[in-house]
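Could you build all of it, start to finish, from the sequences and the hints given here?
The lines below spell out each chain.
Protein chains: 2
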Amino acid sequence: MSSQGRALRVIAVDAMGGDDAPGEIVAGALAAHRDGLGRIVLVGDRARIEPLLHGERAIEVVHSAGEVAMDAQASAVVRKSAGTSLGDAIDLVRDGKADAVVSAGNSGAFLAIALVRLRTIPGIARPAIGAVLPGRTGPVVLCDAGANVDCKPEWLMQFGVMGSAYARAALGIAEPRVGIISVGEERTKGNTQTIEAAALLERAPVRFVGNVEGKDVLLNHADVIVADGFVGNVILKTAEGAAAYFREVLRESYESAGLVGKAGALLSRGVFDAMRVRLNYATYGGAPLLGVRGNCVVAHGRSDRVAIRNAIRQAAAVAGADLVGSIGAALAA
Amino acid sequence: MSSQGRALRVIAVDAMGGDDAPGEIVAGALAAHRDGLGRIVLVGDRARIEPLLHGERAIEVVHSAGEVAMDAQASAVVRKSAGTSLGDAIDLVRDGKADAVVSAGNSGAFLAIALVRLRTIPGIARPAIGAVLPGRTGPVVLCDAGANVDCKPEWLMQFGVMGSAYARAALGIAEPRVGIISVGEERTKGNTQTIEAAALLERAPVRFVGNVEGKDVLLNHADVIVADGFVGNVILKTAEGAAAYFREVLRESYESAGLVGKAGALLSRGVFDAMRVRLNYATYGGAPLLGVRGNCVVAHGRSDRVAIRNAIRQAAAVAGADLVGSIGAALAA
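Residue numbers (full-length UniProt numbering), protein chains in the order written: chain A, 1 to 333; chain B, 1 to 333.
Quick caveat, the hints were computed from the structure, so don't treat them as lab data.
Just to be clear, a hint being listed does not mean it is correct.
No distinction is drawn between identical chains; accordingly, a pair holds when it is met within one copy or between any pair of copies.
To be verified - In silico DSSO-like pairs for lysine-lysine, Cα to Cα no more than 27 Å straight-line: (1) Lys189 with Lys80; (2) Lys80 with Lys97; (3) Lys152 with Lys97; (4) Lys152 with Lys189; (5) Lys189 with Lys97.
The structure displayed is predicted, hence computed values, not measured ones.
Laid out in structure tokens, this is it:
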């Protein structure tokens, strides 16, 4: 299954992970296969997967009897991941049999198992999630989007290096501007963690542009936004909630505006639905797990077939750009 | 100038603080006076203030020759605030000559001087800013909205108590639901700070409803949202930025939709402008500084006359509800 000499990347997909697994996962894999996005290997319960393939023989199935429950504590499953669809899918990457792995399963377990089975790239203390947000004039990478809390300043500096490598490799931004989220533009503004991290980023091999405020995130004041995973998660969800909120407020104002309002409501509804989906980083193609020695894409638990297809596309792009190699190279610089 | 026996509260206003001081400050004070919101005392350079009053004699002027610069370090001005318009306005409250103070000046200096001159309510470690957000079904208090970073869990617990007292006293919410911002609804989700603070809030004299996520803030999942000031500031500014962003995205989609789109654009522009103003906590009437022994309202540096008028209205409401007394009572409970 190695990708050596093949045009298509081999993508291992955890068929049993996700709220609508295996149905939506297999359907998404079929869609990705039809679109030529990669060579798909589905990992999971063969008896449940094969009927869903409707005779499609180009998609390989690797049998795993076990499953990691969506609500399992990561610490409880991390050492006994072998034999589960998630663990075995990750092991395909570790063993060089797949170029990337996608799972919509338990994301805490995904992170923990990937960390143990793949290990981190030398020089990286903690893997981080790099969410791609639909900024006003182009994509914005938010790193960390939720993998780590209580981060040390050194970790934040590394998030900047990894996010920068990702923006360059997968998004084609030549010299990504890296900013750190804070409470004011002046360098003296921030908490102890971010002020110390900013000083480290100043000397890191990235194009550091200083502090960025919450209001600037979607307005492309930087290409990469560095944040503690707690803060990154709050930013992501606040923006997601704001989309739902503005949609409702607009709907009400249209309702009191007669026919023109009706038309406006129809127009804006479509726009807002699209925005909500895009701000949900996972449905927007899944988020790469940066910093481990293997390409991992974390999809949302609620992923449908479209989200899974997009996550596979994202996994193929990450593998094609040799993200792991470019993060290592950036750290060596 | 005491308010004893008077129907109208006495509001001290720092006439020299703010980007457009004293012009917009005095104009806002005149508007508040005309609307019967309070008895206004303007503090600042008499020679510059009086011409702006156009002969209005019901507004008192207390002369202060000095000013606190908008970009001054709080630590540099806190011990020599006497003789500045900001310091003298705060002292009017300390000396019982005014019921509340409003300033659109240097907010860091405002906090620091208020802390030193008024001191905290017994049992309160740090004053906090309580921003009122325009939630979907009613106002939401975000506390702390930016006064403190690197907060201890105990401070967060106190922010919940103060926010709750404010929501009850000034917003008329009988039993405010207090939530803490975190990265998931389960009690085990969060960073060390918020998990410890949640345990304290569990035992505090408030109606604690547990964790609240970023997406729930504007959707009234709680009446009071507890946050470290760093996180609170990021939430506020992310929501503000999202409003600007969605407006632009909608505008573009309307532009490609002909006449109906034009009408929709006009409709939504008004709604979004209103939302941006309301999400900017300061223009939404200023934000109370909670936890000091005196009523303080922090207005935004960019406040125009409308914002100042609203901040004065807010100051009168806070004074009328005896916020300081109700926070003290809540802590004693």
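(request) Report the numbers of all earlier hints that the structure fails to satisfy, in ascending order. (result) Violated hints (numbers, rising): 3, 5; every other hint is consistent with the structure.
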